[in-house]
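Assemble chain B onto chain A, guided by the hints.
Protein chains in written order, with the numbering used here: chain A, 1479 to 1608; chain B, 1479 to 1608.
One or more of the hints may lead you astray.
Identical chains blur together in the list; that is why a pair holds if it fits in one copy or across any two.
What the hints assert, rightly or not - Straight-line Cα separation of at most 16 Å, EDC-like style, residue types lysine to aspartate or glutamate; simulated pairs:
| hint | residue 1 | residue 2 |
| --- | --- | --- |
| 1 | Lys1524 | Glu1569 |
| 2 | Lys1522 | Asp1512 |
| 3 | Lys1524 | Asp1512 |
| 4 | Lys1524 | Asp1591 |
| 5 | Lys1483 | Asp1533 |
| 6 | Lys1522 | Asp1498 |
| 7 | Lys1522 | Glu1604 |
| 8 | Lys1581 | Asp1520 |
| 9 | Lys1522 | Asp1533 |
| 10 | Lys1581 | Asp1551 |
Read the hints as simulated data drawn from the structure, not as lab findings.
2 protein chains.
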Amino acid sequence: MPLAKLVHARFGTLSTVRPDGRPHSVPIVFAVVDGALVTAIDHKPKRSRRLVRLDNIRANPNVSVLVSNEDEDWTRLWWVRVDGTAEVRDEAGPDWVEALITKYPQYADRPPDGPWIVVTISHIAEWTYS
Amino acid sequence: MPLAKLVHARFGTLSTVRPDGRPHSVPIVFAVVDGALVTAIDHKPKRSRRLVRLDNIRANPNVSVLVSNEDEDWTRLWWVRVDGTAEVRDEAGPDWVEALITKYPQYADRPPDGPWIVVTISHIAEWTYS
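Just chain A, same shape as in the assembly (with noise of 0.2 Å):
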């Protein structure tokens, strides 16, 4: 159950954390891949490719991504979170462009192309109110 609902997800946060120990998160999209999670810097406007978030796992490959069901009926209320390790990689790995073009439709006209994260998911913690 878990694992379905991180895999339906159509956003997550991604924490990691700066070498002087503070935390740093993010909003991403991404899609769940052979078991683990995969991410891409896209072309959603930035500042540059040179992201805090990569040269954060380049140091310290511990992350966490965090999605959740937002709602004011606060019975309805969940979230999962995965802990695991991260790598940053120029090239993206076999089907994880098909794998977030099918996830996110927004996609289709301008795929993703890196540079990607993946995580190894290590634990998955589960939430629900009820």
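Here is chain B on its own, set in the frame of chain A:
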């Protein structure tokens, strides 16, 4: 503008860092009171009140709170991220309970009674697609 988005956001993600250097994130509801961000450990079901987030903050007060607009129209995406230092308190400060009840009618029948996390904001970053 980023402060207004923060003040009105219904949910946020609180990120802390574990003593072993791994990030930890949970969804929160919160209010901004006198320029600080306050959130309570409330009555939503949890395994215990001895929570990872509290232990993390006591060991490393650096936290990040992310609020974001999720939309399938990616041109409407935005996020605001607060960096700050957090403190765990057993007692609410003046106006904290009232601020949370005003923002969240869900709390009216059962006001949060803590423990509390108060985040002194040191930096606000903002991103918008367009």
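Query - Intra- versus inter-subunit Cα pairing at 16 Å for Lys1524 with Asp1512 - result: neither (29 Å within a copy, 32 Å between copies)
Query raised in the report: For Lys1581 vs Asp1520, is the C-alpha pair at or below 16 Å within one copy, between two copies, both, or neither?
Result: Within one copy only: 15 Å inside a chain, 35 Å across chains, cut-off 16 Å.
Query - Within, between, both or neither: Lys1522, Glu1604 at alpha-carbon 16 Å - result: This pair counts as between: shortest inter-copy Cα distance 14 Å, intra-copy 30 Å.
Report task. At 16 Å max between alpha carbons, let me know whether Lys1522 reaches Asp1512 within a copy, between copies, both or neither. Result -> Result: close neither inside a copy nor across copies, 26 Å intra and 34 Å inter.
Query - 16 Å Cα threshold - placement of Asp1533 relative to Lys1522 - result: neither (19 Å within a copy, 36 Å between copies)
Query raised in the report: With identical chains treated as interchangeable, where does the CA-CA distance between Lys1581 and Asp1551 reach 16 Å or less: within a copy, between copies, both, or neither?
Result: between (27 Å within a copy, 14 Å between copies)
Query - Copy assignment of Lys1524 with Asp1591, given that the CA separation must stay at most 16 Å - result: Intra 14 Å, inter 41 Å, cutoff 16 Å: intra-copy only.
Requested in this report: Could you place Lys1524 and Glu1569 in one of the four classes (within, between, both, neither) given a Cα distance threshold of 16 Å?
Outcome: For Lys1524 and Glu1569, the Cα distance exceeds 16 Å both inside one copy (20 Å) and across copies (41 Å).
Query raised in the report: When no copy is specified for Lys1522 and Asp1498, does a C-alpha distance of 16 Å or less occur within a copy, between copies, both, or neither?
Result: neither (28 Å within a copy, 33 Å between copies)
Query raised in the report: Checking Lys1483 and Asp1533: alpha-carbon separation at most 16 Å within a copy, between copies, both or neither?
Result: Neither way: Lys1483 and Asp1533 sit 29 Å apart in one copy and 28 Å across, limit 16 Å.
The earlier numbered hints that this structure contradicts are 1, 2, 3, 5, 6 and 9.
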